[in-house]
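**Student:** The chain contents come next:
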Amino acid sequence: MAYTLNVNGKALSADVDGDTPLLWVLRDTLNLVGTKYGCGVAACGACTVHIDGQPMRSCQIPVESVGKAKVSTIEGMAANPVGKKVQAAWTELDVAQCGYCQAGQIMSATALLTKTPKPTDEQIDEAMNGNICRCATYVRIRAAIKRASGQKEA
Amino acid sequence: MTYHDKSPPESGANRREVLVSVGAGGLTLGFAMAGKAHAQDDALRPLNAYVTVAPNGQVTILAKSPDVGQGVKTMLPMLIAEELDVAWEDVRVEMAPNDPKTYGRQFAGGSMATPMHWDELRRVGAVARAMLIQAAATAWNCGPGDCTTTPGHVVHKPSGKKRTYGSLALACASVTPPDPKTVPLKDAKDYRIVGKPQPQYDTAKIVTGQPLFGIDQRRPGMLYATFIKAPVFGAKVASADLEAAKAVKGVKAAFIVEGDPNAFTPGPGQIGQGLMPGVAVVADSWWAARKGRDRLNVKWADHPSAAQSSAGFAAKAKELAAGKGVRQTRNDGDVDAALKGAAKTVEAAYAYPFLSHANLEPQNCTAEFKDGKLEVWAPTQNPEPGRQLCAKTLGLKPEDITVHMVRGGGGFGRRLANDYMVEAAWIAREAKAPVKLVWTREDDMQHDHYRPAGWHFLKGGVDAQGNLIALSDHFVTPSHGEGPAPSAGMSAAEFPARFVPNVRYEVSPMPLGVPTGPLRAPGSNALAFVFQSFIDELAHAAGQDPLAFQLKLLGDKDVVGEPPAAFGAGRMRGVLKAVGEMSGWADRGKLPKGEGMGVGCYYSHLGYFAEVAHVAVSPDGAVKVKKVWVAADVGRQIINPAGALNQVQGSVLDGLSEALHQQITIANGAAEQSNFTDYPLMRISEACPVEVKFLKTDFNPTGLGEPALPPAIPALTNAIFAATGKRVRSLPITPDMLKA
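Chains as they are written, first to last, in this note's numbering: chain A, -15 to 138; chain B, 751 to 1490.
The shape of chain B in the complex, shown without the other chains:
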């Protein structure tokens, strides 16, 4: 790996200059693509444009989707560069414009970048290569079959003569692109870029502190804004001392924002909140804006959710659990009869709290109005819905809004919402100046869309042979209207359904006024803890090795169920066996007193993961995780091994951090935590080694931003049980739960 800086500045103005200057003498290769994954979009799509080859040989590849640390600004262009056949060192990467008509859906979420683009973007590169070959064949008056490529060159096979891509770029204008569906792709054994560890493209900027992130943006004449919202989600401003704020040196404006009456649920296609009510202070520096804000003395109007609390939710969940579930989502066999006839039964209540995303870069956005048009620079994971939200809220036409995707300091699902974007746009219009809105850490933690809390009331039974024969779950979950609140649902196919003859899933909704939404591995980040811990309980009740118990539970079929809910039981058995071998599971009985190993496995985001944690628990209840082993099956090809390993290790430690430390509690309708002092994140002294093995299986590659996280939590709680005999049934884990 080399240390170099060839990345261009991140501003929109500079990007246009680059395109214009290259475009004047080079050629942008464009083609309509037909990826199977979203054929409906493709019918509407005009030519795509990803690759530019300049006459001097400089290759520019556009990165389609926003990078928030998951590495797609590097990984997606690698796919194109591989099939284009250029040296990675010769590639310059730039962010694509937000333009779904050209590029299809551009977002960072669901670990979807790999499965959506593995085929499509390789074909983009292969089409470009075929065009360059055709241009050379025409010049040499030979057939394209007489030509091949070496990185950056077309080679005439019979004579060995060569032309650089740069010298052929202009001639490509008269070449008809081949059909991307049938263009030949490389054999994996010939890969030069894919499968080789590539450092993140923006590494040089990151380690030298160059402007890169949303919060680093700057516009001529820009002012700085802060926006205070009610601690009770959605409460309106009753009064605010705007004059006191304006009296602070440097403050240019202070005003009340009524907000969108539908801000709590801003509509289809939107995640998180819209424009909530609050007070904006705009100043010539952010510090002056903050000082102004401190003088506002805002009084908030009464709000119906001001009485709600975490203690109240827990009590209500218990009350609901005493009755029948409001909805039954699954009822296989006869659970009650099977439980009656079971050799052993277990009954347990599990609970997990609200969680905040806590991106280290607080939410922020820079917005500028010029001639009725809005331009925003946003560290968003989801630019197009942001544009639509701004259009709807501000009464603008979407085509009059440009969203520049800039790097986000962490995503984790928080930046799938665009509340910060619509706030910045509104404030910039009111202030009649370009504005950079920066949330305080406290704003960020108290105005999130939280991972929903949830409560599960489980029963399970095993027969005399130790087979899991019955399982029921009554799930009490936050709701909005009829359905579950965002990210608070559970599939009727949730494992171990379909592997146990008698299964009943019931749901009771609990209305609440806390905004919820996706956090890394939504749903799975909580359900893996619940079900994998409960299965571990049942294994112990049956007197069996928990890993062997899960292998037996997974049966002998390779696939159970139909797409899209098919479950690759064979793939899961593969990772379970592998993690058992890696971790020395069979020898865990030799661990000293107070130490233990636990296993968890989970399928999410198309990836199969099994993990073993080794913990030591001291008599005062302190948990030290000594090591985690991960066996992963995400298909036949790891595209960027450097990024892949980093994602898996980070996901595992993120999961441990959630389980060991994190919770948002609600009191008087508001989040009680406000900063890293009361919402602690894992620090380096707690971070254990994480050993990772990727099993290569004959499936298309899938994503790695999320699926390693869910099983880390039950691996930890099951290891704690092995070490102490104490079962963790609610998160976060506290020393009090585990004191000897």
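Just chain A, same shape as in the assembly:
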């Protein structure tokens, strides 16, 4: 069945089964491969997208449940003022090692800073604990969030 999704401000259509997770519709059907598959059970955060601004694990969202909600992906973050700041901080601090988790990290960090512009360490832990970085670049992830929020980094 054909679904019309609002992704990064554009109407995109996908002819897929309704139970297909949004993750695979983004990656395989819409060719937006920035959103990553890591675990398939909402345990790693690599597939994080924003649904109406809320960070969600796209591996757990059947496409039929998306409806008219606004879906934002990493590919849309340069057009989001907070997302752009987060991307710049990630670049300036050279956060990534392999980089595979970083799209999900940036999506979670952008959602955090949109809601909480000056997060404490505890708020960073709470918002980011669902995102695994296998390379363990956590020291820099924390520093980049602080930098993007205009706070002292250490």
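No lab work stands behind these hints, which were simulated from the structure alone.
A quick note: this is a predicted structure, and the numbers were derived from the prediction, not measured.
Note that beta-carbon positions come from the ideal geometry of N, C-alpha and C, so glycine has one too.
Incorrect hints may appear among the rest.
What the hints assert, rightly or not - Ranges between beta-carbon positions, derived for each pair:
| # | chain 1 | residue 1 | chain 2 | residue 2 | range |
| --- | --- | --- | --- | --- | --- |
| 1 | A | N(-10) | B | P1261 | 50 to 60 Å |
| 2 | B | S1059 | A | A62 | 45 to 55 Å |
| 3 | A | K99 | B | K1327 | 43 to 53 Å |
| 4 | A | N(-10) | B | G1344 | 50 to 60 Å |
| 5 | A | A72 | B | S1435 | 17 to 27 Å |
| 6 | B | K1049 | A | G2 | 24 to 34 Å |
| 7 | A | G2 | B | E1008 | 54 to 64 Å |
| 8 | B | K1123 | A | G2 | 37 to 47 Å |
| 9 | A | A72 | B | K931 | 40 to 50 Å |
| 10 | A | A62 | B | E839 | 12 to 22 Å |
| 11 | B | E839 | A | K99 | 32 to 42 Å |
| 12 | B | G1293 | A | K99 | 51 to 61 Å |
As the list claims (entries may be wrong) - So these bits of chain A aren't anywhere near chain B, every CB distance computed over 12 Å:
| # | residue |
| --- | --- |
| 13 | A(-14) |
| 14 | K(-6) |
| 15 | S(-3) |
| 16 | Q38 |
| 17 | G51 |
| 18 | G134 |
Since the structure of chain A is provided, determine the placement of chain B on it from the hints.
**Tutor:** Just chain B now, with coordinates in the frame of chain A:
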């Protein structure tokens, strides 16, 4: 650091276009190199080709080896760019083709990128610079000695006139390259690129989500595949309901793969497994393939290793330890007599579990057959053995196979194997279509080559003056045939051998049907825990400061032993002293109750590392690591400080994550864990600050992908002892072990 995107697309087709278009008007500088490290290869090598200068001045440098997050796509071209003398901002980096005849060994492993290429690739850049100078000197009718360079330009020293590299590129065609062995290299004080923090070349793509990784590849008409293998490693398919899978909308094919009978040990030069038996489902989307797979109802044939279990291995290890070791690998002095005469003795059994690599990007590969030729796009750490494996398994000629190296979402040794590559190739040929194979997370965790589990039975003794005088280890380790299983061996020179007068190492092999192989800092990631923890036990038994005890143990010689097993005792003393100062070790007695500091040091991958951990352990046994200090000696030059620091901090946290959380257990012949829910990795709330100091010593630079990991684990377990008086002798650490 600036934010810019000048990196080209990662597909092979685009790369060829770039080379052709530049090649039409520019010049590729090529030269035979003669690196000392692998002179045998060099005799066979034709011209190398790393650097292209286009008439418009655009400089393209090829990155020789695959990048899986260790940063070599940035670091190796930095070496060339430095000596070529160009501005880093003007350099475009592309992946080299997999072509060992031209480039020598291309792989990501052993922290070898720096030691193998530090000299060789600087010379590649210096030769190119000398050719550009010669071309300018010819044009100006002067000697090359009258010329020098500034980034991107040759300068005529007497007059100050300049030519751009781009304007000289074509003229280089008639310049004979100088001998790379004697070409002059820059003085380190003149470096403009090396030693300056450079963000990873692909950062812009990473932070904006552009296609980059293996799993992001796409070919016209491509189908998606999933491949289910037996939970018991290597069991064959007894039956599968292929028709039920094919009935799922979108499924194009479902078939049984018999696999290579030698898949468990696919031959010399190969790491990990070959083509194992299983069932492939191919569909027009990965989700459809997965749904098809769920309908297969596969029945697996009986397999001899179906009865094995972790509990069984541990019991067998204990039984073997009661007897003499099957092999004695070292016997210095008289251990038994020395132990009898010792003032204090300690006896302890240590154990560590199987570990999975858990790359965040599950194994995957894209493969396409056209006119009898195979092309694969693989996030491999080891492309050439992958090509050979595909050739052997599919009956193809290696020259009919092209392997494109694409970025891997984490390596850690997992992608030194190419099982996913040969699977994708086989499935693409059967399906008669380009195929992207993507493993599920569960496939990935249950079909790894695991860090081998191991069991050590140790005895040690100190004399009345607190000197370590005797040590013995009976090591029970997984074996394949006569020898240890992959990554399950131990050197006869393992520290503290050669520093203690009476040392005996014995090994008893334990055959098992669990695939094993290298995980980041193979061997060392387990042995550092065992020996550095046991040495800490002996220090406490002697009533001594563990850091001072290790310094004394290291003696007063600078080097002990001969290459390749030489141990830089002086370098190790240097990092130990440094980490003591950095961490405030002398004041650790002032820490509150329930807190403690521990030290560990280890030499691996040519790097000397000493680390101190500061932990707090709560009465319910929960461990919080508050900080780790690292003193490192990897020689005189840190090439890319941004990447170097990231590797060290990540390695330390990786080691803590292994020690605090990770284990693969075997039951009924299969891995019990299957996802991050039962194989947890460290998360940000647990990640502590890691302070790092690089000591500059007069040695050639060496690598940083691995050597910071091993000592982090004993630093942690020794800190836990200092905090609680409880000795951690098996991993992972559980709160039950530490409850007050």
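**Student:** Check the structure against each numbered hint from earlier and tell me which ones fail, lowest number first.
**Tutor:** 7
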